[in-house]
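Novice: Residue 527 is where the sequence shown ends in this note's numbering, and the numbering goes up by one at each step.
Since the hints were made in silico from the structure, they are not lab data.
Warning: the hint list may mix true and false statements.
Unchecked claim - Cross-link-like lysine to any residue pairs, in silico, SDA-like; alpha carbons within 25 Å at most:
#, residue 1, residue 2
1, 101, 225
2, 165, 184
3, 126, 187
4, 476, 182
5, 340, 309
6, 340, 378
7, 274, 187
8, 232, 101
9, 391, 254
10, 340, 387
11, 225, 333
12, 254, 134
13, 405, 338
14, 405, 395
15, 165, 124
16, 391, 232
17, 405, 436
18, 391, 276
19, 110, 408
20, 132, 179
21, 275, 516
22, 101, 124
23, 525, 507
24, 391, 509
25, 254, 524
26, 340, 265
27, 225, 408
What the hints assert, rightly or not - Distance windows between CB atoms, simulated:
#, residue 1, residue 2, range
28, 98, 241, 50 to 60 Å
29, 275, 457, 24 to 34 Å
30, 223, 335, 21 to 31 Å
31, 160, 379, 14 to 24 Å
Idealized CB from N, CA, C, for every residue including glycine.
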Amino acid sequence: MGMGGTTLQTLKLASIPSFSSSRFVFKPLPKTLTFLAPSRRGRTQRPPFPLLARALSAAPAVQTASDETAVKPQWKAAIDFKWIRENKEAVALNIEKRNSNANLETVLQLYDKMTHLQKEVERLRGERNVVANKMKGKLEPAERQRLIEEGKNLKEGLVTLEEDLLKLTDELQQEAQCIPNMTHPDVPIGGEESSVIRKMVGSPRKFSFPVKDHLQLGKELDLLDFDAAAEVSGSKFYYLKNEAVMLEMGLINWTLSEVMKKGFTPLTTPEIVRSSVVEKCGFQPRGANTQVYSIEGSDQCLIGTAEIPVGGIHMDSIVAESLLPLKYVAFSHCFRTEAGAAGTATRGLYRVHQFSKVEMFVLCQSEESEFYHEELIKIEEDLFSSLGLHYKTLDMASVDLGAPAYRKFDVEAWMPGLERFGEISSASNCTDYQSRRLGIRYRPSEPSSTNSKKGKGSLPPPKFVHTLNATACAIPRMIVCLLENYQQEDGSVIIPEPLRPFMGGLQIIAPKSR
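Whole structure, please, built from the sequences with the hints as guidance.
Specialist: What follows is the structure, encoded as structure tokens:
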């Protein structure tokens with residue numbers, strides 16, 4: 014229905030594994046939301062960076078008919094099936110370590126079928142070419158007629174086999190895309206309880222008065238309004254008011270300022286993306302259990318993290334090696350269904366459907382990703398230390414990694430009002446898991462000593478970049494930490510010194526006079 018150049022569309026929930034820690038179990042929201050989406054207009058888009066050499070993706074898309082029972086991939090990940098077959102014991106063990114539902118045996122069987130079918134297709138193509146060449150010469154009418162019939166039969170057989178090959182390729186992709194990334198050898202094996210503390214910073218603040226949680230502080234200081242938001246939007250939405258708005262803006266600008274000092278390029282991103290880009294980043298935007306809002310009647314979703322649109326910037330590109338590493342710090346709003354269990358563990362701002370976040374994202378050469386993983390977690394730790402938080406950094410266990418991550422560090426900060434540590438950040442090394450799906454490669458300046466094979470001309474073959482992502486500041490949870498840790502006996506809240514220049518010099522949030 015058109016409304017002044019705008020189309021009224023319905024937002025439905027679509028399936029995705031948790032963007033955050035997989036320790037939480039989510040259920041879909043019971044309600045359908047409405048969304049005003051601008052009507053599309055065709056326009057020519059320029060490449061985002063002129064220095065990039067645009068290239069075809071490693072694997073072109075294969076269009077298939079829609080299927081109500083199983084959504085088939087409309088794109089192909091450049092999965093190294095030969096490597097999987099040659100290392101099937103290690104892959105099988107990795108699937109078990111991660112408690113993944115991937116079916117390796119099915120993948121290997123489908124791959125064998127596909128390779129045999131490819132050989133048969135090539136054989137028939139060869140026979141068809143032989144027949145075509147014979148037809149060019151002088152022939153008796155009977156012989157020509159026989160060759161015409163033979164060519165016709167070969168063509169019909171080839172069409173059938175090619176259709177079978179497309180279906181088999183799609184089926185193989187559907188199964189293979191469930192296989193998680195490999196796991197760093199130092200990652201602890203098991204569930205959340207097996208995660209190992211890498212660092213503990215500070216100690217819980219001792220209070221000489223009864224501690225309030227951020228909900229009570231927010232109400233008394235007139236900073237938060239959940240009741241009005243519940244009427245307007247539903248549960249787990251909120252209004253920020255007064256100094257809380259300044260606090261959000263201050264946190265965003267302070268975080269951007271600090272991270273940019275480390276050589277990161279600032280970005281704001283689209284907050285609606287194609288479902289295929291969500292999939293290529295390692296998440297599934299269709300199914301029963303969901304964290305993603307998808308727009309009905311389109312192939313688009315609301316983002317749950319800026320990792321997705323930032324990852325898509327260089328999609329289907331070959332990046333010049335001299336440009337690596339590419340380091341981005343992106344501000345966006347994030348939208349998640351976050352239908353967790355009700356109670357003290359999720360109340361207030363801790364788990365909400367819409368929030369602001371500053372995200373770091375790195376694309377680098379394969380041998381450098383572990384170095385940048387350490388750099389990302391150090392940036393996070395420095396930010397939280399400068400705000401005076403008591404926190405711990407965890408090396409997350411294998412079951413808690415999620416499919417894309419090779420290794421993941423989480424930061425949990427002490428929240429005295431909630432009386433527990435709460436996750437405020439994570440940093441993941443996804444190696445080439447995402448880049449093989451997004452088609453992001455770089456061309457080494459010199460051929461590898463172990464691989465003298467070259468691409469076009471004298472250029473060495475391109476390699477897949479490694480991608481990493483890390484939360485610099487998830488605003489609502491940071492507000493929880495600051496309100497609860499910096500509360501005073503008179504009901505006021507002190508603003509940490511680093512934030513004051515970004516909040517107009519405000520030093521304290523004081524109770525409002527009646």
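Novice: Taking the hints in turn, state whether each one holds.
Specialist: Comparing the hints with the structure gives:
no. : hint                  : result
1   : 101 / 225             : 54 Å, violated
2   : 165 / 184             : 29 Å, violated
3   : 126 / 187             : 15 Å, holds
4   : 476 / 182             : 23 Å, holds
5   : 340 / 309             : 34 Å, violated
6   : 340 / 378             : 12 Å, holds
7   : 274 / 187             : 42 Å, violated
8   : 232 / 101             : 57 Å, violated
9   : 391 / 254             : 32 Å, violated
10  : 340 / 387             : 14 Å, holds
11  : 225 / 333             : 53 Å, violated
12  : 254 / 134             : 66 Å, violated
13  : 405 / 338             : 28 Å, violated
14  : 405 / 395             : 12 Å, holds
15  : 165 / 124             : 29 Å, violated
16  : 391 / 232             : 35 Å, violated
17  : 405 / 436             : 9 Å, holds
18  : 391 / 276             : 14 Å, holds
19  : 110 / 408             : 15 Å, holds
20  : 132 / 179             : 14 Å, holds
21  : 275 / 516             : 23 Å, holds
22  : 101 / 124             : 13 Å, holds
23  : 525 / 507             : 15 Å, holds
24  : 391 / 509             : 20 Å, holds
25  : 254 / 524             : 13 Å, holds
26  : 340 / 265             : 18 Å, holds
27  : 225 / 408             : 31 Å, violated
28  : 98 / 241: 50 to 60 Å  : 58 Å, holds
29  : 275 / 457: 24 to 34 Å : 25 Å, holds
30  : 223 / 335: 21 to 31 Å : 59 Å, violated
31  : 160 / 379: 14 to 24 Å : 52 Å, violated
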